[in-house]
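Protein chains: 2
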Amino acid sequence: MSNKHLSTDAYKGVRDFYPEDAAIQQYIFSTWAKTAESFGFERYDASILEPSDLYKAKGAENEEMVNEQTYTFTDRGDREVTLRPEMTPTVARMVAGRARALSFPLRWYSIPNCFRYERMQRGRLREFWQLNCDIFGTTDHTADVEMIALAYQILIDFGATPDMFEIRVNDRRLMNRLYIALGVPEETIPAITNLNDRRDKIDDQSYRTELKKILGGNGLLVEEIIMMLDKSDEQTDVVIALSELGITNVVFDKSLARGFDYYTGTVFEVRDTSPDNNRALLGGGRYDNLTGLFGGDPIPGIGFGMGDVTMRDFLETHKLLPENLQKTTSTVVAIPADSTFNLEAHKAAKVIRDSGISVTTDIGTKKLGKKISDASDKGAEYIIVVGEDEVSSQSFSLKNLSTGEETSGPINKIIESL
Amino acid sequence: MSNKHLSTDAYKGVRDFYPEDAAIQQYIFSTWAKTAESFGFERYDASILEPSDLYKAKGAENEEMVNEQTYTFTDRGDREVTLRPEMTPTVARMVAGRARALSFPLRWYSIPNCFRYERMQRGRLREFWQLNCDIFGTTDHTADVEMIALAYQILIDFGATPDMFEIRVNDRRLMNRLYIALGVPEETIPAITNLNDRRDKIDDQSYRTELKKILGGNGLLVEEIIMMLDKSDEQTDVVIALSELGITNVVFDKSLARGFDYYTGTVFEVRDTSPDNNRALLGGGRYDNLTGLFGGDPIPGIGFGMGDVTMRDFLETHKLLPENLQKTTSTVVAIPADSTFNLEAHKAAKVIRDSGISVTTDIGTKKLGKKISDASDKGAEYIIVVGEDEVSSQSFSLKNLSTGEETSGPINKIIESL
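Residue numbers (the numbering used here), protein chains in the order written: chain P, 5 to 422; chain R, 5 to 422.
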């Protein structure tokens, strides 16, 4: 054993969740789960480890992504394995694996952690958790509507108001038709879509230059495309249906691309409208051929992903985090008068706990007065002191810390006042 | 893109959690969390990735464990990183990192996943989840009592009765004293403890042979040690205190070792008493010097870990899993008469959901009758059919699937009967 001390730092790019942070994390996870379940979504889960082939399957571009942006290693059995960078390939694998036994349409959700090896910045860490919701097995456009309505409802259930966020929607099929009507060569459309994905991050001149390059120097077509993108005349069935559901903070945005190349129809994102946090909170879209990679019939689907880091930033920006999340979960603190009464305090705690009330026994070595103020600081509602008098008489006093009221008597009597 | 289809299998040694398994997993996690919180334990969490040094720190034996039994790789920044094989080093790191700011004693719990690269067998997979509970910052023996009482209560809260499991307790300090009183050389005690850890897995003759080897051939001492181990005359404060709390399915077992070499006092485990599943469900112990590796004052602690795989085996062996876990979580299923009414069904669903009731909208393409029987199979309590008559009259019928009763009227009226 060496004398050099170990560092207490977490591994680079990941987070430790001390109780105050874990409480926020659990609040986010439980709100996500509750809203998804209120729409009838069922939870699934899988391991963080996946065979690397799952991400390489779609060609060279993906192979580069796996090599450069994921945590990939070779295990002792000489298998190449990757820490999942996103959940969609995993859920496609699982759905394809039981396609015959499952009853479609499926509504599935999960809250996995994912790893990406990338440059760190605000809202981006190397490990993040993500709510993933998908509907599999229908091409009905009301499934697209439902997914966006679910995303909307999640934010509402966190206490947000519709002015705090904006839903942007586009449709890749419609865009294909519009490009082709303008005479854009079909093979250039993926490159244009990719460029549009960065349009709000680059200046107008660079955008025009890159677009012109993609189009082989056709400057007239560049102008026609920009005019088409900026004209807000179209609406889709999805946008109209959302307004019928009372969801009106929706913009049809022809520049919206969303990165993943597996999207084939509706794409959407939700953006924070605060200038302090002007980012996408979630993104999703329709994919009609993901499960095809595994053989069998393709199963259409639509899904979205929503990260924990951007979610927390949104809640903090709009002051939506409840204040008492970090308090102790115990209703009662049982306090031994001194440490010789620790076991007696545990006994009293057990009787109270058996009636369904949470109790912490403070077996620390601080003075009685300090233990009482600690209990109050941690948000306990009641204390019960256990000392010589209480044990010999078997009469205890339950003190309400907000009103100062005391109830005295045998332990199984005083719990009735709780 | 190749034509070879991707496999739908999960990575070797890990599990996919389809909804029926995820529901069981969530039931186990939420019961663990609820009972731990009822004792005042606060949740923490950390990343699955840790610097490999965290596990190598305690010397060559650990270095071997890291090299042979963990998932360890070198990242793109040339850091050696390990998928945590257990949570205790992580929680020790976190406690040491904020030792000055934290208020002791701490009660912390977590439900992390862990990875071990080992031969697979019943109850052992390469990835498992584990409830970890620890009390830091006290040497008081009633903390040991509380930890065992918590373990007991978790099983009771799953519906177990005390005859279904047995708590075994030992104390390494006491064992050291007993060995030394017999004249056992102090330097051989760790090897004897290790051997005892395997005593119930090897035959008596092999045990004697190995023990004799450790003791340099002293056959008399072998017999004296075995006699001492098998004599059940001692009790510890911990066992006596447990019986005062009403916990009597406790055995003081001098052969009990528990693998980890960081234990320094009380060690304990809970075993399933069923002959079909005769294994340890959880194990734990007191460690008085874990945080010392990080510098600063050592902080004493006691903790245990309880795995999800063995927990589920226990619940299945004793038929303790609730039956309806795998049912849908929705109370109501909204059923469009045909797919042209999908959006109208979503609208009705939204009104019902806004009153706090979960609703699934069945936008599948099956016939109406099949959709109704599907809703019933999935455990829905009510259905509401949305078709031409309902939409034109804005009068809907809510049907109770168990009683057959129907309530009709405008949507915001009929939800009052829910």
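Don't read these hints as lab results, they were simulated from the structure.
Hints may be right or wrong, so weigh each one.
Identical copies go unnamed one by one, so any copy, or any two together, can satisfy a pair.
[Said to hold, decoys possible] With a cut-off of at most 27 Å between alpha-carbon atoms, the simulated DSS-like pairs for lysine-lysine come out as follows: (1) Lys38 with Lys8; (2) Lys16 with Lys60; (3) Lys216 with Lys8; (4) Lys375 with Lys417; (5) Lys8 with Lys205; (6) Lys205 with Lys382; (7) Lys417 with Lys323; (8) Lys370 with Lys16; (9) Lys60 with Lys375; (10) Lys351 with Lys38; (11) Lys370 with Lys403; (12) Lys216 with Lys403; (13) Lys374 with Lys60.
Hint check:
1. Lys38 with Lys8: Intra 47 Å, inter 40 Å, cutoff 27 Å: neither.
2. Lys16 with Lys60: both (26 Å within a copy, 18 Å between copies)
3. Lys216 with Lys8: neither (59 Å within a copy, 38 Å between copies)
4. Lys375 with Lys417: Intra 24 Å, inter 52 Å, cutoff 27 Å: intra-copy only.
5. Lys8 with Lys205: neither (46 Å within a copy, 38 Å between copies)
6. Lys205 with Lys382: For lysine 205 and lysine 382, neither the intra-copy (45 Å) nor the inter-copy (47 Å) Cα distance is at most 27 Å.
7. Lys417 with Lys323: neither (42 Å within a copy, 35 Å between copies)
8. Lys370 with Lys16: This pair counts as neither: shortest intra-copy Cα distance 37 Å, inter-copy 51 Å.
9. Lys60 with Lys375: neither (58 Å within a copy, 39 Å between copies)
10. Lys351 with Lys38: Result: close only across copies, 20 Å inter versus 36 Å intra.
11. Lys370 with Lys403: Within one copy only: 19 Å inside a chain, 61 Å across chains, cut-off 27 Å.
12. Lys216 with Lys403: This pair counts as neither: shortest intra-copy Cα distance 76 Å, inter-copy 61 Å.
13. Lys374 with Lys60: neither (59 Å within a copy, 40 Å between copies)
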